[in-house]
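4 protein chains.
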Amino acid sequence: MNTLKIGLIGTGFMGKAHALAYQAAGNVFEDISRPVLHKIADIDGERARLFQRQFGFASYTQDWQEVVNNPEIDIVSITTPTLLHREMALAAIAAGKHVHCEKPLSPTASEAWEIVQAAEKAGVRTQSGFNYLKNPLLKYARDFIASGELGEIYAFNGIHAEDFMSDPLSPYSWRCDPAGGTGALADVGSHIISISRFLLGPLTSIFAQLDTVVKQRPAYPGASELKEINVDDVARMIVTFERGCSGTIQANWLATGRKMQLEFEISGSKGALSFTQERMNELLYYKAGDDSRSNGFRLIETGPQHPPYGEFCVAQGHHLGFNDIKTIEMAEFIRAIDRGEPSSPDFREAWEIQKIIDIAVRSHRERQWQIIS
Amino acid sequence: MNTLKIGLIGTGFMGKAHALAYQAAGNVFEDISRPVLHKIADIDGERARLFQRQFGFASYTQDWQEVVNNPEIDIVSITTPTLLHREMALAAIAAGKHVHCEKPLSPTASEAWEIVQAAEKAGVRTQSGFNYLKNPLLKYARDFIASGELGEIYAFNGIHAEDFMSDPLSPYSWRCDPAGGTGALADVGSHIISISRFLLGPLTSIFAQLDTVVKQRPAYPGASELKEINVDDVARMIVTFERGCSGTIQANWLATGRKMQLEFEISGSKGALSFTQERMNELLYYKAGDDSRSNGFRLIETGPQHPPYGEFCVAQGHHLGFNDIKTIEMAEFIRAIDRGEPSSPDFREAWEIQKIIDIAVRSHRERQWQIIS
Amino acid sequence: MNTLKIGLIGTGFMGKAHALAYQAAGNVFEDISRPVLHKIADIDGERARLFQRQFGFASYTQDWQEVVNNPEIDIVSITTPTLLHREMALAAIAAGKHVHCEKPLSPTASEAWEIVQAAEKAGVRTQSGFNYLKNPLLKYARDFIASGELGEIYAFNGIHAEDFMSDPLSPYSWRCDPAGGTGALADVGSHIISISRFLLGPLTSIFAQLDTVVKQRPAYPGASELKEINVDDVARMIVTFERGCSGTIQANWLATGRKMQLEFEISGSKGALSFTQERMNELLYYKAGDDSRSNGFRLIETGPQHPPYGEFCVAQGHHLGFNDIKTIEMAEFIRAIDRGEPSSPDFREAWEIQKIIDIAVRSHRERQWQIIS
Amino acid sequence: MNTLKIGLIGTGFMGKAHALAYQAAGNVFEDISRPVLHKIADIDGERARLFQRQFGFASYTQDWQEVVNNPEIDIVSITTPTLLHREMALAAIAAGKHVHCEKPLSPTASEAWEIVQAAEKAGVRTQSGFNYLKNPLLKYARDFIASGELGEIYAFNGIHAEDFMSDPLSPYSWRCDPAGGTGALADVGSHIISISRFLLGPLTSIFAQLDTVVKQRPAYPGASELKEINVDDVARMIVTFERGCSGTIQANWLATGRKMQLEFEISGSKGALSFTQERMNELLYYKAGDDSRSNGFRLIETGPQHPPYGEFCVAQGHHLGFNDIKTIEMAEFIRAIDRGEPSSPDFREAWEIQKIIDIAVRSHRERQWQIIS
Ligand SMILES: NC(=O)C1=CN([C@@H]2O[C@H](COP(=O)(O)OP(=O)(O)OC[C@H]3O[C@@H](n4cnc5c(N)ncnc54)[C@H](O)[C@@H]3O)[C@@H](O)[C@H]2O)C=CC1
Ligand SMILES: NC(=O)C1=CN([C@@H]2O[C@H](COP(=O)(O)OP(=O)(O)OC[C@H]3O[C@@H](n4cnc5c(N)ncnc54)[C@H](O)[C@@H]3O)[C@@H](O)[C@H]2O)C=CC1
Ligand SMILES: NC(=O)C1=CN([C@@H]2O[C@H](COP(=O)(O)OP(=O)(O)OC[C@H]3O[C@@H](n4cnc5c(N)ncnc54)[C@H](O)[C@@H]3O)[C@@H](O)[C@H]2O)C=CC1
Ligand SMILES: NC(=O)C1=CN([C@@H]2O[C@H](COP(=O)(O)OP(=O)(O)OC[C@H]3O[C@@H](n4cnc5c(N)ncnc54)[C@H](O)[C@@H]3O)[C@@H](O)[C@H]2O)C=CC1
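Chains C, S, L and B, in that order, give the protein sequences. My numbering applies: residue 1 is where the first sequence begins, and numbers increase by one. My numbering applies: residue 1 is where the second sequence begins, and numbers increase by one. My numbering applies: residue 1 is where the third sequence begins, and numbers increase by one. My numbering applies: residue 1 is where the fourth sequence begins, and numbers increase by one.
Worth double-checking, as some hints may not be accurate.
Copies of the same chain look alike in the list, so a pair counts if it fits in one copy or across any two.
Calculated lysine to any residue pairs in the SDA-like style (CA-CA distance at most 20 Å, straight line) [unchecked claim]:
{"id": "1", "residue 1": "259", "residue 2": "310"}
{"id": "2", "residue 1": "259", "residue 2": "307"}
{"id": "3", "residue 1": "287", "residue 2": "339"}
{"id": "4", "residue 1": "259", "residue 2": "148"}
It is worth saying that the hints were derived from the structure and are not from the lab.
Please model the entire structure based on the sequences and the hints provided.
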């Protein structure tokens, strides 16, 4: 069996998710090269050391450059704060690595574009961490819509709302640093933007309002010193799609009580789909025109009939979890590398998403509709 | 327009429900005689007086005999504690009245049978207050099953669970007096029994266990004196139906947190139905054999396509409430009287339900399956 | 007991709802004057005649002027297409009647203002048909927010979406005539606007986009001839509130599969509330700061603890329906008349709502934020 | 890092689940010996070969004896049809291996007892595959109940219902062979029995009814030849617990539309818990006595506050899936081996569960309550 050596940068929330997902991908999916965890880097050397031990990396380092420059490594996975993505991604690309970089790709579209161009010129595969697209039900939804089962699309409502910054005492973190991009919009909004494009295609114009409701936060966990917040914690957009319909997209860090309200509803002339990541193994489908006495939204449960669920479990009703969709993401990236085929969502797609975020910011500042060129 | 004069006995929970329902029935339904509230009786004269005023009865009395013997009255509605039903119903029948009596008809099947015989001999119309059968969705469910849409019926699970006696400090009341029949089984269990028969037909055998979990209660609201409880607060039955399938039926007064868990699920070879009175305007339907990728339980919402919803509202999605189904009950009773047709569920049906309760008690005592003859 | 004589104009969807609600109000609520259905008017004389018979009006007419000018009548209820409200309301006010007029009050805010001024000058009571505010759970939500239980309000999301125009073959009707005001925005959007104000107070600015997705419809039911549609079928707004928070408000006629998605979520620093009219007897409440292991949204079910539910039923878990909240509306109007106290929502409130709609239209046309003055 | 060598028998549904879970356990959990997939056996040699390749076992075999007798192997995992468990488990124990055996442990309690005795004499660790107990929410529920948060327990309702045999054309399989034990009762019923014991402790008596609704099935997939079915496809039990409460337990293979209705509700004097594996990341909790206006069932979502969720993901709202709970199962087994501590649920617990099944069969045959000794 072929193997691919992985270099991972970052040992935080996503660092762990990547390490687990690469390992699982090689186990769950038979048709792909087996990823081997080779080197882990974290600026916090002790974290890197522990991480190496836990996940069985061959070695660890405090210096991420050692990862991107290691000649044995095939894939570099970047899971550091967004502000750092650009430098690391460019270096990895320059070293000829295939690069997975967490979302959002970078603080601005122009930086993202720089990375895209470097990657495309270098001919390396790229992957952007919009993991929610990997849910078998979302793939099914996309194909369902594409095949015309919903008829003409009338409207889209999308939101990604969580409450992890709802408490005004939730402290400042790198996510609050405007140098790293917008706040809720980049952090969670990018996910629902990616879904809107995945299901319905390109957006053409945006009107946005960005709020910063909680204006000060403790400078660090438990601090009494307060730091001013200059990124949005709630973002609202009205958008239009190239295919002709309109919709709303929202991002929210202050949605008290909500842990994962990544939700959409799509209405069309022949039917509708409704989904929330809060119940990620369920998709609601309404088929217009059935006998009205016995018609209503159907609660579809994921199963082997929604590939690649069957790789995880042969029977319907046995839920996939978040780590499983991250596993699908890694498997698809490796498959694309194996076959020399396009990966998805790649850095170009991440740039498209970042453009929307940048344009939303401009719309908010200028208080005007903006065309997406 | 024809009118029918109503004599009502009892001004409690159900007394009010009847008064409102008779008035609404005449307004909502065009094709029936208009019920006119004529005389109200309650042993508590002050309550009767206030009730008369509020609902516009022509007169009131402390003596229920004045109701049953009033020559102007066409229909007598009995909403007193169960223990009192027999005497009142027999007197009303003897006076040639059509009689509506709340459920359960009486503490035992033999008393119920006495009433049935008297009514059938007298040729008066009778109605028993199993109101939940009047939900348009239940009528639809019954017809749906009867027409074979679920195929061969495999199994039934039914329960009526509430928590109104869950607190051990909820006091003793007439519902706890064994002279009035069983406890939870008669009080709420009779409803789910009525539904099981309505949807699936006669039962043939029963195994039952009756529990009295809370063994003492305050003798009256707020009392420190405790009174022993000798009726069941949880009842469980395994049952068989004449049509060949089996199932479970439960009654529960101690279902902490549940306000109206009157629920059933029916599985068949071609489909399934699931319902809970907690969401009385929704019926879940699963149709076997549809494309498995887009199949699942459908959430049907009541609408004009489920008669007689349309009499209340012309548009789907505008919920019916409890008082509306009580209104349908009264309208159907009056229509039966108008047309000289059978009413349903009549006293004979109430007797059938009471037989099941009696046999459940016997099964519990003898710890044996019992045949329903 | 005092009585109030009702003159009703219109025998359609709302005409029936009013007739039933007046009758029920007198029965359910003890403390108010008893409404008596006196005269019914409909331009379709045959409908008026049948309606009179069904609901027991003293008389009927084809000429609505006979209602407003009838000296015996105390209250005039207007349930005709919106375009006709102004003339009828002004005439009724001029005749010194208390006036209930269905929502929206009129096609434009300036017409609404004319009516408000006339009514206030005449000193008559007015009521506007925003019935959803009468749900006991919404009253509870309003008080809950006002008492600070949610802390500082962060955000509001509101929508009223139905699918009754989702099928492109759903025909043109008076609701599609721009002379009567906007489309979905006025028709259903006005409800969610009324809720946003009811719960959170005045709005200060709006950005709106109005869509007309289905551009042609059959000229009448079954017609092959098509008529152009010049009103919105989907409307989206970003709004700000005087209290400092922002939100979204949407209206939709094309929400395939949705029968009554009148929904909101309000997040605050101490908690959140979520509600949908699809489950009008349930309110979701999240209380921030509870032990995270056992915390989550609570499903509150309506009960007597949420007045005036107890007037309908003494026990929790017995649902109210749409007609019941219409009954509460009528009872409150009558009580206001009885006591000479302000009614709510009155015509002034309806004018406030209409202003928002007008300003939304302007925002859409000018593609700009608009201040609500 | 220590390693433990795994020998696996069986490459079907559970064989794959075990292989994935052992691999993931070593990655997710830092504190345990790393399991290494050493040898895979399947009577179908080609399956074994492919499985070896996919999951990276060191070798494969057609002969399971080679697994149990391989001196390098530490743990033997048995995932063959139930009928075969006994011989394999006894051989593995005899060879001094720690043994994981899928549920149910064996067709009868007496065989299970033989295995338990052998294992306890040999002093090896054992684990039984009742994976649903490994859900962090179930662990939380158990501790919650044990700490008295629900007060005195009133009642238990449990069911495990699926529809995978609902279609009469679903063929005969080893699950239908009475030599392997009961049908639905052993197959899915054993899970809900394990949960009832996990949460509430020992059962004391049972009354059971076992149904065989579908009496013939195709002899093999697609066969026209039919084979008689002699095991139950629906099983119903009324049970009592040592702690004093009663309840129901059901198993069902014919629950049309249900993919994983593994569900329970527990009511107590101070609160209630409700759970369904259909939404395995949610637990409903009702706390009695809170302000009734804002009280209701709370929807708890799994998070790091429910260990060991945090090993998989640092943030709440990111679902665990079925494979994750199987991973927890394996990690706990390995930890027990590492520490020389009891594992749970071990073979003795599996025997306790099997006793209940045997006694249920006896109760069904004798149509009598049976005491569990
Ligand atoms: N796909 C998804 O659903 C999610 C994606 N993300 C994205 O993943 C990225 C990382 O986020 P988290 O894992 O939540 O952050 P985190 O703060 O948990 O982890 C970041 C890690 O990067 C390390 N790091 C920082 N500077 C470094 C340097 N110069 N060299 C090496 N290591 C360095 C830190 O020590 C830390 O271990 C972000 O871009 C974020 O937007 C985060 C959460 C979910
Ligand atoms: N269909 C349904 O869903 C329900 C049916 N019921 C049934 O309705 C009946 C009454 O129950 P509730 O209304 O809840 O009881 P309640 O206790 O609220 O009211 C009983 C009324 O009967 C009066 N009463 C007692 N003795 C009397 C006498 N000798 N003469 C005249 N009046 C007398 C009492 O003063 C009281 O007003 C019972 O049979 C009960 O099972 C009760 C609740 C719901
Ligand atoms: N509160 C709510 O939830 C709802 C409010 N409405 C509002 O109620 C009003 C009426 O709507 P619907 O009842 O649905 O309309 P509809 O079309 O069902 O009924 C309108 C009635 O007015 C009559 N009418 C028309 N011109 C007349 C005239 N010159 N004189 C006398 N009668 C005349 C028609 O013959 C018809 O009976 C509208 O303003 C609408 O927005 C409608 C539905 C729900
Ligand atoms: N924990 C859980 O949730 C579940 C547990 N199970 C249990 O797992 C066990 C296996 O069930 P499944 O995996 O569904 O069965 P399966 O039929 O999918 O797989 C059984 C495997 O055993 C192999 N096998 C048969 N005889 C053999 C022999 N003599 N030597 C070596 N291999 C042999 C077969 O070739 C097949 O690969 C059963 O005891 C079942 O009750 C099954 C499904 C779910």
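Problem set entry | Numbers of unmet hints, in rising order | Hints 3 and 4 contradicted; others consistent.
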